[in-house]
Amino acid sequence: MNCNDHHFFSLQTAEQRDITRRTFLQRAASGIGLAALGGLIGGNRAGAAATMLPGFPNFAPKAKRIIYLFQSGAPSQMDLFDPKPELAKRRGEDLPESIRQGQRLTTMTSGQKSFPVAPSIFNFAQHGNSGAWFSDLTPHMAQGADDWCIVRSLHTEAINHDPAITFMQTGSQLAGRPSIGAWMSYGLGSENSELPSYVVLTSFGSGRKDDQPLYDRLWSAGFLPAKYQGVKFRNKGEPVLYLSNPPGMDRAMRRGTLDELSALNEHRRDALGDPEIQTRIAQYELAFRMQASVPELADISNEPESVLESYGPEVKTPGTYAANCLLARRLCERDVRFVQLFHMGWDHHAGLPNAIKGQCRDTDQPTAALLHDLKQRGLLDDTLIVWGGEFGRTVYSQGTLTATNYGRDHHPRCFTVLMAGAGVKAGQTYGATDDYCYNITENPVHVHDLNATIMHLMGIDHTRLTYRSQGRDFRLTDIHGELVKGLVS
Amino acid sequence: MMIRPILSLLLLPLAVRAAEKISFNRDIRPIFSDTCFQCHGPDEAKRKSGVRFDMRESATSKAEKTGDIPIVPGHPESSEVMNRLTSHDAEELMPPAKLHKPLTPQQIETVRRWIAEGAEYQGHWAFIKPERVAPPIATPNPIDGFILKKLAEQGLKPSPEASKETQIRRVTLDITGMPPTPEQVAAFLKDTTPGAYERLVDRLLTSPRYGEQMASRWLDLARYADSNGFQTDSSRRMWPWRDWVIRAFNENLPFDEFTIEQLAGDLLPNATRDQIVATGFNRNARLNGEGGRIVEEWFAETVIDRVETTGQTWMALTVNCCRCHDHKFDPITQKEFYQLYSYFNSNDESGVLETIGGNRAGGNTAPVIDLPTPEQEKQLAELQAAVQKTEVEGKAAEQALSASQAKWEKDFRAQLNATMVAWKRLDVSEVKSTGGATFTKQPDESWLASGPNPANDSYEIDAKIAPGSFTGLLLEVIPDKSLPTQSLGRAANGNFVLSAVEAEINVPGKSEPIVATFKRAEADYEQKNWEIGQIVGGQLTATAGAPKTGLKRQLGWAVDGNFAEKRIARKALFVCDPLEVPEGATLTVRLIHGSQYTDHNIGRFRLSATAQPPATVKLEGANVPENIRATILAPAGKRTPAQKMELAKYFRENGEHPAKTAAAAMAAAKKALADFGMQVATSMVFKEVAEPRAAFLFKRGEYDKPGDPVARALPAFLPPLPKGAPNNRLGFAQWLVSGEHPLTARVWVNRAWEKFFGTGLVKTTENLGSQAEWPSHPELLDWLATEFVRLHWDMKAMQRLMVTSATYRQSARVTPELLEKDPENRLLARAPRIRLPAEAMRDQALAISGLLTEKIGGPSVRPYMPPAVWDETSVYGDMRGYKQDTGESLYRRTLYTIWKRTAAPPTMLLFDSPSREICTVKRSRTNTPLQALVLLNETTYVEAARHLAERMLTEGGATPAERIAWAFERATARKPDAFELQQLTSHFEERLALFKQDTEAAAKLIAQGDSKPDATLDVAQLAACTVTANVILNLDEVITRN
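Line order of the protein sequences matches chains A and B.
Heads up, the first sequence is in this note's numbering, so the first residue is 1 and it goes up one at a time.
Heads up, the second sequence is in this note's numbering, so the first residue is 1 and it goes up one at a time.
Rather than coming from a laboratory, the hints here were simulated on the basis of the structure.
Honestly, I wouldn't trust all of these hints.
Derived EDC-like pairs: lysine to aspartate or glutamate, alpha-carbon spacing no greater than 16 Å straight-line [claimed, not checked]: (1) B/K464 / B/E580; (2) B/K98 / A/D382; (3) A/K236 / B/E872.
Model the full assembly from the supplied sequences, consistent with the hints where possible.
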């Protein structure tokens, strides 16, 4: 079951060819390439190109799919990947104005009388041939140091969570734009007609159980047709809403009802001549196939014990980050285009040392295991991995700084994002920040640049994937964004 | 890549034909706007080489930089633009390759011909007031004349009239959002007299369902929801505004009044309550309540959202493009955008979420209007009278104060002489938790909780107590390293909420304990809005004067334990009337944590008790100031005037006297009034501040970069304010509907057309700016727009006109020829088939099955939703722990379903509805397998199928075929043909046999939903009918308006 499996071609039915033809008609008519059944249909393992926009991908992609490990709430860069050992000497000193430069702060700390420098209490060491720095919070990820490209110079414009995470996902701080996964579905379509092309998996963190909420908007289709919206798999129960037949109706009976429905709909199509009815029939057939393919996807009983162990003790608990990482690999094996995990709980305004330990306990081992697992299966060669949050955290302590405790406020001026896998120049640390981990001193990477680079790796020129809404051709990177060549192998 | 040739081929019918003169607006503007204006258009800052193509004068003059003339009218060969369009030099070629918008040879030829023909410019058609053109062919309904003319030009003929069954179902669904009943169908079929169809339409337009159907669409534009949006997404209540909309449509409020009341009802002279409620339209926007938000930033965003929404809704313009720069396509400058901004920035508001009770509590944000029902008004009057009465009594008690003081002095002197011990630590024998927490005694006699931390724990403390008197309890809460964030509470953030304290004295030999009623509580620290007084009787001080939130608060004492600097020991006292403690008695204390903020249990605490007179009990112990002690022990005659005053003051504050009782009664009456006030509905509205706020051009659109101040003014390319109209929001609204505005009427009729004909006359119903598509029938669009104004903005009349046209009533049958010539059906040689929108889909299933509750308005309802849809991604706000309603609220029309913006109803989102975070003009129409899963499996649909099945068995006839035909007819408005009946019947028989063998499965299937199946019916029969009904409800014909 991998992407090179072309056997499905022979299974393409007359019906599917009809749909494809209809697709062409619609595209021709509307000029905007509305596939009859976009994100979830029309493709099959062989005929994937059929659901792609004409001209896409724009060039040979490095990555066929993405697993985006979103760390929601904003992980502290200087406690994880961006060590500042010199700061130990400045502990408790007020952040110099020469560094802050009057930049705006959130109203959670703008009223603070002082901004005491809070050096990380965690130890850093270099790992792998690349000598990449990891703190002792992420020992497992550190073991695969050479697989990662550590980007220390991300920066954003937003300073509060809601607009910032919306900006990362949609290229705009305000609601209404399509999310990155929806753009990918729209441009590249699906390679597996039985699963959605954009799947979202969420988990609560143990570092801060009540933060931060997520919103449908983060995986929505915005003004793109709604079929491109991400499908959020549920943490508990059936992974896809309304997947199961009602109690008392088994699969055989459902099959029977769909045969009946198809016969009646075909009869109607003959009377009315509307080819849309054919689309309707296919829509129900796909639903039927999903009813089998999704439970098969979620069933991990055949995973070898050694694999399960590698993801850590929580892998068998549905809805945990570990379980979601394993599910991500399984989705990836099934050629789902865009898998996005959202792990909550990184918003550490207070009690950061304890809280971040919890977050790293949740995520470090499963993240490392996922990378390793993909690598072993040869999937890392054409899968792109991204790990990161919506902004960084302040070097100064929010609230009282003690010997063992501090908190950090939001910091949009710099933060660290990790990339790995297909097309990524791994084994390097890119960009640099000043002595206070406050401003970027080298190779700044704006959110739009990161998104442009992600799209590039997927074979998309970010200036070309556009959609006309309200008279304007919108794109994920708005009118900005540059490919960051230094990140690409 | 093979698409392009096919595309131009198919579009041929709408493209220019050789003999016809090129029209700038139809043929050239779309090309220029899309490919040139970005760099050579209205935006001065981005204009390249000083060349602009949106104005003839500039385009035909020498370019500043090169000296070339871009367009030489009549001479394409000398026009630089032609060189650029056809150049083989990549540097020279226009549009530049990086724009990814190469011109087709056909487009280049069009430009060439236009220049050759004289390069005549026209203003953008939609910005010019529509002119009425007589229908080109005389037809009873003028619409048809325009349509027929165009069809004839393309060599097409209209389709025959649809069957009467199709017509009644189509028009009923379109106008009411519901299917017709079989009785209505039968009556219509029977009525063969002239005008039967028109009478049907008239009946539908007076149905109360009409207003609901119209409102459904309006709510998308108004970004209406039951939550505040953003991170916390707590609740709000704007349903009174939603109900106003339904009423306005049902009463056929003309569109001009409909507009004025929603944009500026508050500014109308002697504005009625309804007119003020109407202004909620622009209060429906999201409000940011995130901790750390910068108020100025979100004030600006709130106003900008309003300008954008208003621009989209009434003018189909994207004015928001101009927040950062001049418009790329339309002649709107950035300055003009902020001039529009200044009409909308003077509401008496902060622009952010009012965070009463924390940013997670929810509620309406000022300004709001109180909306008591007549019954509530009566009760309010009674409560107000009660307050007045206690005020009168209070005054009387004041006058009797000195007499009471004399008596008090005597008693107090005696008490002072007795031995006074302050707080005495309780000798605690055991601390128990109802939720499984364990407690360890600490060296300082405090108790530390560990182990499980249930959502709402209660602690029960048993202690020995010395005989004598019990008048109060001291609770000390102490931070501990083992607690989250080393704070005081057990919640992850370190806070706690104590919602009640109980104490009782257990007397040996007596079965009933003596229960203490705490009358006063004090704490050395209280979190704002979480004051300790709330948890004992009669001291609810927090709500007094607090703005109305429209919601009940969850009470309790909290201490900001989530802030680092607030993690210090706190204490609180609780005082009751003296209780007698006999020998051998024990004391039981309960600390109860019942707040909606779960896990907020106290982490470590210590208890003490006192026997002091209640009035003297202070946090520090019994504390009578030295000067008072001296005064009271001195003979009355020897006190100085200063001493007398001090003593009187002390008595007033600490003694027991009628004035105090009266004051307590007054407080209680005021509290009752305030509490009742909470039950009264409110709605967020506009209330203009006296002095308009200053407005500035924000550089690059950023709130913290204000540039020049701007004053209220309208965009120069549009007409001026009507004569006599004030230059404010009211004048702005009047300007929109003056009849002179080129856009308002076109926008409305174009969207109405889209609803009935599938696609707007201008396809881009969301944008009539320069980037808009050239209308398929420009004369018809303008005729309709002028007709709308001529009919005094009568919305029902316009809809009647559209649905009574022959164009609307024709068959939807598609022939290969029609599909080939007009795949998108823009010429309307047939009626469109349209999949039902999300609301109608569910409403129809409820209606066909008979489950529907036809009740208009009121608070939003909570139908079935899978568990944890709200909670899976948020533990914020008050919209958590979704509890579905019971009874009729499960079966209300879908527009009443509660809407949380960050987790909208999944069945709505799956069927293309927007999230309601921003104004949305148009929904996509997609088909996905996930939709099929909803219609097959979601509880509402399965329950509806069963309900329909019950009626098949009880009302549908005697045989399976009769029953199936009966259900089929209810769903499709027509009788099944032989093939259909045979299919449905044979499958039914197969399943009946299966269910007869497996009655357990049958019983499970019919048990779906809250309503109970009819127990008198045969289980297997009912189950088999349910499955058949499920198939019928999923027929393409049923989920489509045909």
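Which constraints among the numbered hints does this structure fail? Numbers only, ascending.
When the structure is compared with the hints, only number 2 turns out to be violated.
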